[in-house]
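All chains should be built: construct the whole structure from the sequences, respecting the hints.
Chains as they are written, first to last, in numbering that gives the first Met the number 0: chain H, 0 to 300; chain G, 0 to 217.
Hints in this document: simulated from the structure, not taken from any laboratory. No experiment lies behind these values; they were computed from the predicted model shown. Be a bit skeptical, because a hint or two may be false.
Unchecked claim - Beta-carbon label-pair distances, calculated as ranges: (1) G:S23 to H:R20: 46 to 56 Å; (2) G:E114 to H:P22: 44 to 54 Å; (3) H:P22 to G:N135: 35 to 45 Å.
To be verified - SDA-like, lysine to any residue: derived pairs with alpha carbons at most 25 Å apart: (4) G:K90 to H:Q200; (5) G:K47 to H:G179; (6) G:K90 to H:I183.
Claimed, not checked - Short, incomplete list of chain H residues facing chain G, as computed with Cβ under 7 Å: (7) L206; (8) I210; (9) G243; (10) L247; (11) D250.
Here a beta-carbon is modelled for each residue, glycine too, at the ideal position from N, C-alpha and C.
Each chain, letter by letter, is given below.
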Amino acid sequence: MRAWFQHHRLSLAQTSARLGRSPFATLLNVVAIGVALALPFGVYCLLANLESLSHKISFEPQLTVFLAKETSKADVAALEARLRGARGVRAVRFISREAALADLGRSGGLNEVIASLPQNPLPDAFVITLAASDPVTADRLEAEFKSFPKVTHVQADSAWVKRLDALLRLGRTGVLLLSGLLGIALVAVTFNTIRLQILTQRDEIELCRLIGATHAYIRRPFFYLGSLLGFLGGLAALGIVVTGLVFLNRDLVGIAQLYGSDLRLALPSPQEMGVVLAAAAVLGWLGAYLSVSRHLHEAYR
Amino acid sequence: MAIISLHQVSKRYPGGFEALKGVSFAVETGEMLFLTGHSGAGKTTLLKLIAAIERANGGTVLVNGQNVSSMRAAAIPYLRRNLGLVFQGQKLLYDRSVFDNVMLPLVVTGQPYREAARRARAALDKVGLLTRERANPVTLSGGEQQRLCVARAVVNRPAILLADEPTASLDAAYADEIMEMFSAFNQVGVTILVATHDQQLIGKYRKRVLALDHGKLQ
Chain H
0 MRAWFQHHRL
10 SLAQTSARLG
20 RSPFATLLNV
30 VAIGVALALP
40 FGVYCLLANL
50 ESLSHKISFE
60 PQLTVFLAKE
70 TSKADVAALE
80 ARLRGARGVR
90 AVRFISREAA
100 LADLGRSGGL
110 NEVIASLPQN
120 PLPDAFVITL
130 AASDPVTADR
140 LEAEFKSFPK
150 VTHVQADSAW
160 VKRLDALLRL
170 GRTGVLLLSG
180 LLGIALVAVT
190 FNTIRLQILT
200 QRDEIELCRL
210 IGATHAYIRR
220 PFFYLGSLLG
230 FLGGLAALGI
240 VVTGLVFLNR
250 DLVGIAQLYG
260 SDLRLALPSP
270 QEMGVVLAAA
280 AVLGWLGAYL
290 SVSRHLHEAY
300 R
Chain G
0 MAIISLHQVS
10 KRYPGGFEAL
20 KGVSFAVETG
30 EMLFLTGHSG
40 AGKTTLLKLI
50 AAIERANGGT
60 VLVNGQNVSS
70 MRAAAIPYLR
80 RNLGLVFQGQ
90 KLLYDRSVFD
100 NVMLPLVVTG
110 QPYREAARRA
120 RAALDKVGLL
130 TRERANPVTL
140 SGGEQQRLCV
150 ARAVVNRPAI
160 LLADEPTASL
170 DAAYADEIME
180 MFSAFNQVGV
190 TILVATHDQQ
200 LIGKYRKRVL
210 ALDHGKLQ
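In structure tokens:
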């Protein structure tokens, strides 16, 4: 048992030494694996950020009802009563055209533009919060409100959130496909690297078999080599993605300041990083397994 | 008791060449014998069948009571741990020291390092290479390299030693040295089978001789 552990330690040490002996080739392999993994992981991080953004924005379905410009106060009051009376409406908030303009000036930083306008271009509006969040009710009320007098336009505010959500779903499927493809690429890279290593050590393998080494013994150092390559590639991928996000954040801070928000991209969590490293190591191991098995099978029946 | 016994063994290589045809013989435990014959007579093939490097097409090859010709692949490493092999074309590893070459069979079989190192040094001492343990095998002379192979073959204290042309390419003095070593191992109970075409060498030792001719025992 102690000898077994000793051999595992020895295998790992020999493997590390072997990688260290050809640092340039090792570096290139690690970079190749790193780039292959960084692509899907980077896209995943961006999607995760977009997703949290879309969740921050309320999913409460809202309808905004815009009124014609020359609507009188009496008409507004009558309309408000009708809107409140409609089935499925939870709250109705009136936003006068003056209030809307002031709000735009505050939040959009467009004061200069607004000041230069000869008159207020905005209409009066009602913001209506719906009781239920199902799209059927929203569609029904949208159609109903459109038919009311003095109503020029009804806008469903949750529509873009829904669209974003659908796009994110598409994105997630894309990441999954990309991960699958590049995972295969990683296996292929380690397969070939290990194959090369096997060929340079062919004499040693042949001799070990003749003096009573089991297949498990012969395979072990190559498994370590594959896993280690995958793991280092995973580290490289994390480095690439985190560096990328930090750079993007630096630019985003500038943009966000212009819009008066504190938008910034979150870095991947330790758990996510752990999963990437583990997956990389497992895929490296798989590449090594396929390579060694194939060699032993080819060479010795 | 026979430690090795072959019964009606034949071996045909892919392509149709018949290396062995109906060979039968037995080797007693602790015996030393020579296997002779012209080049291509089947000496190497016979040793390969005993070590399960090749499989027979017909007949049975029993080693230590186990039928090698129908052995599971997973059991073969354990058979080989009981065999010491001295190969034709030495198969030394030149990326490590003399000491590490001798250590390999012990490392492969999972011996604890301290005990393995002690045994490796004992084996090197026996073949007179203890002072060269840190050297690279490349720097050894032909005779020294062959002695290193012998040390590697016996370090695991095998019950059987198979040697394929161990004295080929050595001058007479070195050849005698190697044979004296084999003879000494034989005296402590190791069963030894030496394949050689060197009739002079065979003449010096009064041992049983198996002569192969075109794949048949004479």
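Here is how each hint holds up against the structure:
1. For the hinted restraint 46 to 56 Å between S23 of chain G and R20 of chain H, the CB-CB distance of approximately 51 Å keeps it satisfied.
2. Remark: the range hint 44 to 54 Å for E114 of chain G to P22 of chain H is contradicted by a beta-carbon distance near 36 Å.
3. Separation of P22 of chain H from N135 of chain G is about 24 Å and departs from the stated range, judged on CB atoms against 35 to 45 Å.
4. Among the hinted pairs, K90 of chain G with Q200 of chain H is consistent with the structure: their alpha-carbon atoms are about 12 Å apart, no more than 25 Å.
5. As the CA atoms of K47 of chain G and G179 of chain H are separated by approximately 46 Å, the hinted pair breaks the 25 Å bound.
6. Among the hinted pairs, K90 of chain G with I183 of chain H is inconsistent with the structure: their alpha-carbon atoms are about 37 Å apart, more than 25 Å.
7. Checking L206 of chain H against chain G: minimum C-beta separation of about 5 Å stays under 7 Å; hint holds.
8. Using the Cβ-Cβ criterion of 7 Å, the hint placing I210 of chain H at the interface with chain G is satisfied: the shortest such distance is roughly 4 Å.
9. The beta carbon of G243 of chain H comes no nearer than 41 Å to any beta carbon in chain G, farther than 7 Å, and the hint placing it at the interface is violated.
10. Here the hint on L247 of chain H is broken, as its CB sits about 47 Å from the closest CB of chain G, past 7 Å.
11. A hinted interface residue such as D250 of chain H counts as satisfied when its beta carbon comes closer than 7 Å to some beta carbon of chain G; here the least separation is about 51 Å, so the hint is violated.
Violated hints for the displayed structure, listed by number in ascending order: 2, 3, 5, 6, 9, 10, 11.
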